[in-house]
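Each step along the sequence shown adds one to the number in the numbering used here, with nothing skipped, and position 341 is 417.
Keep in mind that the hints were calculated from the coordinates and are not lab data.
Any given hint could turn out to be false.
Straight-line alpha carbon distances no greater than 27 Å define the calculated DSSO-like cross-link-like pairs of lysine-lysine that follow [as the list claims (entries may be wrong)]:
1. K257 <-> K108
2. K534 <-> K395
3. K395 <-> K342
4. K108 <-> K125
5. K327 <-> K342
6. K360 <-> K327
7. K643 <-> K540
8. K381 <-> K327
9. K257 <-> K663
10. K230 <-> K108
11. K82 <-> K232
12. K395 <-> K327
13. K410 <-> K563
14. K125 <-> K230
A quick note: this is a predicted structure, and the numbers were derived from the prediction, not measured.
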Amino acid sequence: MASSRKTIWHKVLDNKRELPEGRVKTVTAAHKGICLTHFKGKFSALDNKCPHQGGPLGEGSIENGMLRCPWHGWDFDPCTGLPPGGYDDGIETFEVKEEDNAIYVGVEEEDVHEATVSDIMAETMVNWGVTKVFGMVGHSNLGFADAMKRQEEKGKLNFYGIRHEGAAAFAASAYGKLTGKPAACFSIAGPGATNMYTGMWDAKVDRAPLLALTGQVATQVVGTGNFQEVDLVRGFSTVAEFNQRVQSDSKHAELMSLAVKNAILKRDVSHLTFPDEVQERLAKPNEKAQTPDKRITAMEIAPPKEAVNDAVELIKKSKRPVIVMGHGARAHKKAIVKFAERLNATVVTTFKGKGLIADNHRLGGGVLGRSGTPIASWFMNESDLLLVFGASFSNHTGITPKKPIIQVDFDPMALSKFHKVEVAVWGEISRTLEIFEDELNGNINTVDQTPEIAERWKIWKEEKAKRLLETSNNGISSIAVFETMNKLTPENAVMCVDVGNNAYSFGRYFEPTNQDFLMSGYLGSIGFALPAAIGAWTAVGDSRPVVAVAGDGGLCQYLAEITTLVKYNMPVKLIVLNNHELGKISKEQRAGEFDVWKTSLSNPNFAEFAQSCGAWGKRVENQDDLEAAMKALYAEKGPAVLEVLTDVNLI
Numbered sequence: 077m078a079s080s081r082k083t084i085w086h087k088v089l090d091n092k093r094e095l096p097e098g099r100v101k102t103v104t105a106a107h108k109g110i111c112l113t114h115f116k117g118k119f120s121a122l123d124n125k126c127p128h129q130g131g132p133l134g135e136g137s138i139e140n141g142m143l144r145c146p147w148h149g150w151d152f153d154p155c156t157g158l159p160p161g162g163y164d165d166g167i168e169t170f171e172v173k174e175e176d177n178a179i180y181v182g183v184e185e186e187d188v189h190e191a192t193v194s195d196i197m198a199e200t201m202v203n204w205g206v207t208k209v210f211g212m213v214g215h216s217n218l219g220f221a222d223a224m225k226r227q228e229e230k231g232k233l234n235f236y237g238i239r240h241e242g243a244a245a246f247a248a249s250a251y252g253k254l255t256g257k258p259a260a261c262f263s264i265a266g267p268g269a270t271n272m273y274t275g276m277w278d279a280k281v282d283r284a285p286l287l288a289l290t291g292q293v294a295t296q297v298v299g300t301g302n303f304q305e306v307d308l309v310r311g312f313s314t315v316a317e318f319n320q321r322v323q324s325d326s327k328h329a330e331l332m333s334l335a336v337k338n339a340i341l342k343r344d345v346s347h348l349t350f351p352d353e354v355q356e357r358l359a360k361p362n363e364k365a366q367t368p369d370k371r372i373t374a375m376e377i378a379p380p381k382e383a384v385n386d387a388v389e390l391i392k393k394s395k396r397p398v399i400v401m402g403h404g405a406r407a408h409k410k411a412i413v414k415f416a417e418r419l420n421a422t423v424v425t426t427f428k429g430k431g432l433i434a435d436n437h438r439l440g441g442g443v444l445g446r447s448g449t450p451i452a453s454w455f456m457n458e459s460d461l462l463l464v465f466g467a468s469f470s471n472h473t474g475i476t477p478k479k480p481i482i483q484v485d486f487d488p489m490a491l492s493k494f495h496k497v498e499v500a501v502w503g504e505i506s507r508t509l510e511i512f513e514d515e516l517n518g519n520i521n522t523v524d525q526t527p528e529i530a531e532r533w534k535i536w537k538e539e540k541a542k543r544l545l546e547t548s549n550n551g552i553s554s555i556a557v558f559e560t561m562n563k564l565t566p567e568n569a570v571m572c573v574d575v576g577n578n579a580y581s582f583g584r585y586f587e588p589t590n591q592d593f594l595m596s597g598y599l600g601s602i603g604f605a606l607p608a609a610i611g612a613w614t615a616v617g618d619s620r621p622v623v624a625v626a627g628d629g630g631l632c633q634y635l636a637e638i639t640t641l642v643k644y645n646m647p648v649k650l651i652v653l654n655n656h657e658l659g660k661i662s663k664e665q666r667a668g669e670f671d672v673w674k675t676s677l678s679n680p681n682f683a684e685f686a687q688s689c690g691a692w693g694k695r696v697e698n699q700d701d702l703e704a705a706m707k708a709l710y711a712e713k714g715p716a717v718l719e720v721l722t723d724v725n726l727i
């Protein structure tokens with residue numbers, strides 16, 4: 077019975093000379109892959125898939141008058157698609173016509189798209205607020221990629237194609253750290269998925285919500301050692317709090333809802349893997365995408381009364397309290413600073429919490445710990461009470477257990493994590509502070525630490541000025557780089573920092589005003605800064621500047637992502653400190669009384685590399701040229717890279 081559907085003609089060659097006699101070529105008519113042949117003066121169109129293993133016939137050749145499949149050498153007539161010998165495994169053919177030297181192929185009009193499992197899950201994901209996806213499209217995730225394409229065409233989602241799946245996971249992690257909301261990273265099965273593992277762990281240990289979406293080999297070949305087969309559910313079992321394989325009979329919308337809900341509420345990693353055949357399966361009749369309406373609770377948890385009473389009594393007795401803010405306090409920094417102003421208490425931060433209070437605030441005491449300033453440690457040592465909000469008590473931070481401590485955190489497992497504290501308060505920080513203020517009711521007996529803070533800053537600034545005078549012929553000092561950044565960096569920038577000596581110097585010498593800071597905190601993964609800047613820009617767009625600071629070792633991990641900045645016109649400003657060495661590791665080797673070994677680096681000219689990618693690039697070798705170059709960097713409208721040759725010993 078003849079089809080009633082209309083034939084649509086598609087131009088596949090602008091000029092028939094593009095396909096010489098005796099040659100074949102893959103072309104596309106609508107979404108249909110076509111093997112176009114030119115044999116004995118005739119153009120013919122055949123289905124591009126060999127009926128045996130789907131080999132691309134358009135990549136084959138005509139030999140001895142027959143079209144030969146490039147995968148296993150089976151032959152077909154290049155005009156009729158019939159195999160020799162009378163077999164019945166021939167290839168479908170399509171009408172061809174020639175007009176004005178152009179070649180057209182006629183295919184039936186396409187069916188109206190019917191919702192697939194991937195459509196339902198992608199729409200549910202978007203409804204729950206996951207609208208930024210970083211990843212690579214590949215052969216085992218095409219069905220879900222196609223569903224995301226439809227969401228992007230509706231203006232509901234942004235997909236960013238990166239150059240390495242590790243960068244995708246770091247970008248999603250940074251997005252979660254900055255916004256408190258999950259973004260997604262996306263990969264194929266096997267190596268694409270395993271590439272995301274480090275970034276997923278970065279999000280997990282820094283309590284950033286993240287959704288990982290991976291393709292998977294077809295279910296029927298699982299367990300047979302199939303190409304790119306990795307048991308991803310088992311492989312991600314340690315990193316993903318929610319970790320499921322999507323099946324044909326799953327409750328698809330509910331599964332995606334639970335994945336995103338777990339990521340948001342637990343501030344953790346969720347992972348879904350999609351077997352190839354499930355992605356394009358039609359959705360069940362009446363299956364609808366879900367929304368978060370009435371599915372997620374407010375998190376304004378009030379602390380237990382006994383803990384409040386104990387905390388308030390300690391605060392009433394305190395004369396010299398010091399407040400410590402960690403990254404977990406990011407969403408509550410205004411409430412904490414307001415509370416500090418009532419107490420006239422010094423506020424210091426962890427390195428991950430850098431910038432939650434400005435260094436020029438009258439109560440700002442800088443960063444505590446290895447990447448910090450002597451101001452912060454001095455006030456901690458002089459205190460009679462520590463009020464710790466959203467901090468993890470990392471040994472890098474060095475919050476002393478020798479002082480009475482009130483710890484407030486939304487996660488009960490974070491309370492008294494490494495040692496007991498005097499009062500552990502489980503509650504949402506802003507709500508807890510409201511209760512503290514009501515209970516204190518004017519019973520505050522603290523001294524005003526403001527004059528001492530100013531004096532300690534004066535001492536530290538004098539010390540920094542002395543260090544600025546240290547110069548060498550081996551490069552510019554890191555101190556000079558960050559002092560110049562203090563003068564020129566926009567006050568509302570989002571700043572993404574790598575690891576290594578560049579990060580230690582950044583923590584010590586950069587003086588934040590109103591910037592936000594993102595870093596690989598607990599995992600401490602090299603290479604974080606540039607991918608993180610991609611994630612940060614997708615969160616803030618052009619409303620705020622985004623600045624990445626990296627060493628040469630870290631930048632080279634994901635150097636190709638400069639092309640991602642250019643492709644999407646992300647105006648990220650990247651400052652790379654190039655000292656041709658893994659300087660932090662050399663320092664650790666010396667400290668451990670080892671020989672310095674295998675830490676030297678052979679680097680490209682990063683400025684020229686940036687230019688070759690289409691970005692602005694400039695290299696600075698003399699300190700006198702630094703300020704002008706940095707002004708030029710920040711004045712650029714698009715992606716830009718400033719390379720500074722630095723002395724590994726001047727940190």
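Structure-based check of each hint:
no., hint, in the structure
1, K257 <-> K108, "violated (39 Å)"
2, K534 <-> K395, "holds (23 Å)"
3, K395 <-> K342, "violated (36 Å)"
4, K108 <-> K125, "holds (10 Å)"
5, K327 <-> K342, "holds (22 Å)"
6, K360 <-> K327, "holds (10 Å)"
7, K643 <-> K540, "violated (40 Å)"
8, K381 <-> K327, "violated (41 Å)"
9, K257 <-> K663, "violated (37 Å)"
10, K230 <-> K108, "holds (23 Å)"
11, K82 <-> K232, "violated (32 Å)"
12, K395 <-> K327, "violated (58 Å)"
13, K410 <-> K563, "holds (25 Å)"
14, K125 <-> K230, "violated (31 Å)"
Hint compliance for this structure: hints 1, 3, 7, 8, 9, 11, 12, 14 are not met, and every other hint is.
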